[in-house]
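Enquirer: Listed here are the chains, written in short residue letters.
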Amino acid sequence: MSIEVKIDDHTAKVELIKREGNLMTVRVDDKVYDIDLMMVENGVYSILSDHISYNVELTEQEDQKHYNVNTLYNAYDVEIIDAETRYKQGRKGDDVDDVKRIFSPMPGKVVKILVEVGDEVKAGDTVIIVSAMKMESEYKVQKDRVVKEILVKEGDTIDGNQTLVVVE
Amino acid sequence: MSIEVKIDDHTAKVELIKREGNLMTVRVDDKVYDIDLMMVENGVYSILSDHISYNVELTEQEDQKHYNVNTLYNAYDVEIIDAETRYKQGRKGDDVDDVKRIFSPMPGKVVKILVEVGDEVKAGDTVIIVSAMKMESEYKVQKDRVVKEILVKEGDTIDGNQTLVVVE
Amino acid sequence: MIKKVLVANRGEIALRVMRSCREMGIKSVAVFSEADRSSMHVRYADEAYFIGPSPSNESYLNIENIIDVAKQSGADAIHPGYGFLSENAAFSERCEKEGITFIGPSPFSISSMGDKIKARTRMIKANVPVVPGTAEPITDEKLAIEKIEEIGLPVMIKASAGGGGKGMRLVKKKEDIVSAIRSARSEAKTAFGDEAVYIEKYIESPHHIEFQILADKHGNAVHLFERECSVQRRHQKVVEETPSPLMNPEIREEMGKYAVAAAKAVNYHGAGTIEFIVDNNLNYYFLEMNTRLQVEHPITERVVGVDLVKEQIKIAEGKELTLKQDELKQFGHAIECRIYAEDPENNFMPSPGVIKHITEPLGLGVRHDGYVYEGYEIPIYYDPMISKLIVWAKTRREAIERMKRALYAYKITGIKTSIPFLARIMEAEDFITGNYNTHFIEDNRDFLMQQEPCGERCKDMAVIAAFVHYTDKVEKAKGAQNGKTAQANAWKNFGRKKSIMRW
Amino acid sequence: MIKKVLVANRGEIALRVMRSCREMGIKSVAVFSEADRSSMHVRYADEAYFIGPSPSNESYLNIENIIDVAKQSGADAIHPGYGFLSENAAFSERCEKEGITFIGPSPFSISSMGDKIKARTRMIKANVPVVPGTAEPITDEKLAIEKIEEIGLPVMIKASAGGGGKGMRLVKKKEDIVSAIRSARSEAKTAFGDEAVYIEKYIESPHHIEFQILADKHGNAVHLFERECSVQRRHQKVVEETPSPLMNPEIREEMGKYAVAAAKAVNYHGAGTIEFIVDNNLNYYFLEMNTRLQVEHPITERVVGVDLVKEQIKIAEGKELTLKQDELKQFGHAIECRIYAEDPENNFMPSPGVIKHITEPLGLGVRHDGYVYEGYEIPIYYDPMISKLIVWAKTRREAIERMKRALYAYKITGIKTSIPFLARIMEAEDFITGNYNTHFIEDNRDFLMQQEPCGERCKDMAVIAAFVHYTDKVEKAKGAQNGKTAQANAWKNFGRKKSIMRW
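So the sequences go chain by chain: A, B, C and D. Numbering of the first sequence is given in our numbering, commencing with residue 1 and proceeding in unit increments. Numbering of the second sequence is given in our numbering, commencing with residue 169 and proceeding in unit increments. Numbering of the third sequence is given in our numbering, commencing with residue 337 and proceeding in unit increments. Numbering of the fourth sequence is given in our numbering, commencing with residue 840 and proceeding in unit increments.
Same shape as in the complex, but just chain A:
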């Protein structure tokens, strides 16, 4: 059984050929690795490949298919592409476009909301200002839009990636 795993912009076909406890043979695209892989701490893997010692730390996203993966000095976004994901990708056109959803990538506090529901905003207009750790960030619309819904109010504490404002 092979699964597609997306790392940055590349999608790799990954297949488990053999496994005996922590010893396994895995194919990634056309390369075959004999590895000794062990989860030594929660989300932390020690991998020996040709005796080279790798430490890989995973942080799982809520959907259990997206991971932040840290190697020594690099951080990757990794996504598991299973049937469900492929199905969703197939009908992506119907989904809410990311550009229509204003969010902050990090948790913080809403400092100011500059629009009201129904407002017409121009490309580049700031919609909302969020502060986190002494720094304020302005979030703008990329195209001319109409404000559809405002899901937070000034002073609210928000999570990273939480939708703040929906525009159309």
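Think of the hints as simulated: they come from the structure by calculation, not from any bench. The model shown is predicted, which means the values in this text are computed figures rather than measured ones. Beta carbons are placed, not taken as given, at the ideal position from N, Cα and C, and that holds for glycine. Keep in mind that the hints are not guaranteed to be accurate.
Straight line, CA to CA, 30 Å or less: simulated BS3-like cross-link-like pairs of lysine-lysine [as the list claims (entries may be wrong)]:
(1) Lys809/C <-> Lys65/A
(2) Lys730/C <-> Lys1103/D
(3) Lys13/A <-> Lys692/C
(4) Lys1163/D <-> Lys1233/D
(5) Lys573/C <-> Lys1233/D
(6) Lys812/C <-> Lys31/A
(7) Lys740/C <-> Lys1158/D
(8) Lys13/A <-> Lys809/C
(9) Lys812/C <-> Lys1312/D
(10) Lys1153/D <-> Lys1168/D
(11) Lys1317/D <-> Lys199/B
(12) Lys233/B <-> Lys1250/D
(13) Lys1168/D <-> Lys660/C
(14) Lys1149/D <-> Lys740/C
(15) Lys730/C <-> Lys1233/D
The calculated label-pair distances, taken between Cβ atoms and stated as ranges, are [to be verified]:
(16) Tyr139/A <-> Val1313/D: 42 to 48 Å
(17) Gly770/C <-> Lys955/D: 49 to 55 Å
(18) Glu62/A <-> Asp512/C: 53 to 59 Å
Which chain D residues face chain B? A few, computed with CB under 8 Å, are given here [as the list claims (entries may be wrong)]:
(19) Lys1250
(20) Gln1290
(21) Arg1296
(22) Lys1298
Fit chains B, C and D to the given chain A structure using the hints.
Expert: Just chains B, C and D, lined up with the frame of chain A:
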């Protein structure tokens, strides 16, 4: 609702009088404490009582009723006495007596078994020798006994508190 | 004798102060805001008191609440740490009035050094070299032009009331003088309601070098040598080291003497720092004085062998300094890296959140001053500094190697940190040769932002780890449904197995 | 130049060696037994190789397997750490034969110092003071009695082939001499098949003081001063410090010279330790030489400012020592505590198991050399040492206070540790005054075994924590059944809450 909690040899009656999030009023025997209690790490509690800062670390036993509780320099064995425990205590006389069960309090390896099933052993005779971390410990019977069952063999790796030999 | 110290701060500096208190047998009292109930300083202290909502102006900056706690807890002294109320003359004065020992300088010293123009005037009087420029605010344009011709171009025009780069103009050519003065004045007026500006010589390749001083209440003062703080990003120090690779013994002695003179000029007592701006030719000028402990104080502690917080406490108790200038020596080399919760790849955006996993660097020559732990959520309200990593070695070269080794072993997941960026600094040619000034980060931007290549196999290992993690999870879920044990149980079971086949 | 080092060890010492390798740009190769796949040294190394089953004689003591890995990995040198193969002359010789640099002394040096009687003879030749006694094994009873009368009572009769206290007799009275010799000889015969015994003066209040030496392959050797190791339990060192509170500068210089002479007497190269037994009047006698790194080497590193592993590697590379005796100085005071997985309340039984939670001490003057992490299971096959905690301060008194502070902050749950016992040592009057010898632990048993009183309220807090933990769990289980949210959700949610009521 009050619960009995046994710490070392003393059994205390503990009752939650009031609770609002991490702020609570708890009665222990006849003392009433207003405390601010929070689990800050898994099994680690920070407690403020009259503004004094306590750090208490719990390790849960498998039955979820026995805990090892560490305060600053002290370690306590704490047991929750609920209905089930009381019931068991009531009929303790019928249970297998501890003295009839030979076990090692710590994990290790069986070095030597000095008896066979059916052997009659005298009080003070060594039944089994277990090693852990460069140190060997001999386990003896306290009274004259007959070996009923031997549950391990030499070379076996054993867990702490695992029954090794049953005598009668 | 001080018996109980209220630490009016949070995070790593609160812990650092409490550690020294504990060693001295002094009880420590923590104060905490709503966001900080689970913070380590609350857990480490002997006592802890709630002082208000999360925003610092309602808690850590709330003088009334802090004084209340000091009285309620019976604390006989307050240590302000750095930031928050540490350079607030009113707070120092209030403590004095309430009969609580403020572990820091007098209100007079704080306010004398707080106003830049006043401080400059005092330094000139005390014969401490200052950046050539005007000592008084200038309102007359003609006078300003005369003054600039006297100082020589390039110059910097700065707002008297200023700060944060507002009302500041760099003038390189003669023909730009008038327009620069006018625009600086108008910007100053808008920003601060005060159009007064002053003029300073502009230093082309500036080094930021500061001297640590200690002064007691009996007129004794010593300096503990310099710290090189030129690795800065947006005027924020990123890496500090001592000794400065730029320094030589003669200049060090001169600057040290001026640093002591500067402190004495404001009747200073406590620990303080005299910041100098130094050019490539080792011309040095007084810049300002920080009337508190600095974030980078540990590198001095390591190289000189002094616990600065203990010295602060002993000075506050009225004891005489036991340190003698001629007995103080620098031994070896120390470097500090500030570890921030920020994303270097994303314009250094702060990255608060929950610490999922942390591995701290250990071993020879490594000091780690931190406060976070696994499961701790870094609040969004405060400074994103997670910890200070300090290394010492006999030579500068070895110290750099040791810092690289420590950064290699330092792992934090759940949030982004500046660790990879700091590791790059340790590999930058200009840093390694010690040939850098405050433009270092800007000048080396491309190199510093470049990623360490992970290599194809390393990247595949990331893919495989995610793959195995995911499939084990799916298997386990299936196994649970079917009542079968999942193959995924390799986790922690290996130790129990009798034998494991190996290639 | 060494490019890749195989570290033939595990645990904290393997990591400690690898850290120095990393700083020197040398690749490190780990070897691991079955029980150690998840050990930190495997994770920290650049490469890792499996070498056999868990028992050390099948893995870490298996010379063939280790040499195989060295060849396979292309390692050009092997560092043995301490314990295991570190004092095995055959291993040193084998490395030599295979063209692999052994980072340690020559087979000749190891075997010369390995045999106690041979070593003693050599020391007498080199004019190093040894405990008065017989240089040759004694088989003649009459000669023995003569010798004892010459040396003066009390004396110790020891088996020549001996060790572990077998064939050892203390003689205090003249009338016991004959019977003691006879029983020692008969016991020696039974235990070792060799009835030869020798006689040594018995030191009444013995101090164990050792000197660190470094010697290169060009005949240069220096000592790095002493370590006081008299805090012992069953001949195992528990706490070490430097400088020794017993020492004075004259004796230090004398002993240092003898330590260097001892090393030169066996053509020593590498790092080594000369152990002396010292009485209350500062009479000192050569005891033995450890031809390897010691567990307690970090206190010397801290006070002298030298990385001993790096020195070992440079010596092995054939470099000349750059350290000069007259440039070496002791600065400040360092103490090491060995943290063991053992239960002090239960006769120091080893306590292997899974580390549930760990908080490491941080801050000024603290060095921590460990290898365990949360979730790690300490195997049952090896030494139960978890880590070494080393503190430094300007004075001995401050170092003790700092060690107390560090032990206070060091928390490990899941297993029992020696931390509370070590904290008691730091509070023992005899230790604080520096007035102790190897009988210290025995003499202070009652004090050391006494528990720090937790107090009634503190005990009630333990009860309450267990109570809340249990009831929250029950509530949560009920909540899950009823589809209600349990009140237990205080965990981690506080940060999200808008306001929390407070008394």
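Enquirer: What hint numbers does the structure not satisfy?
Expert: none
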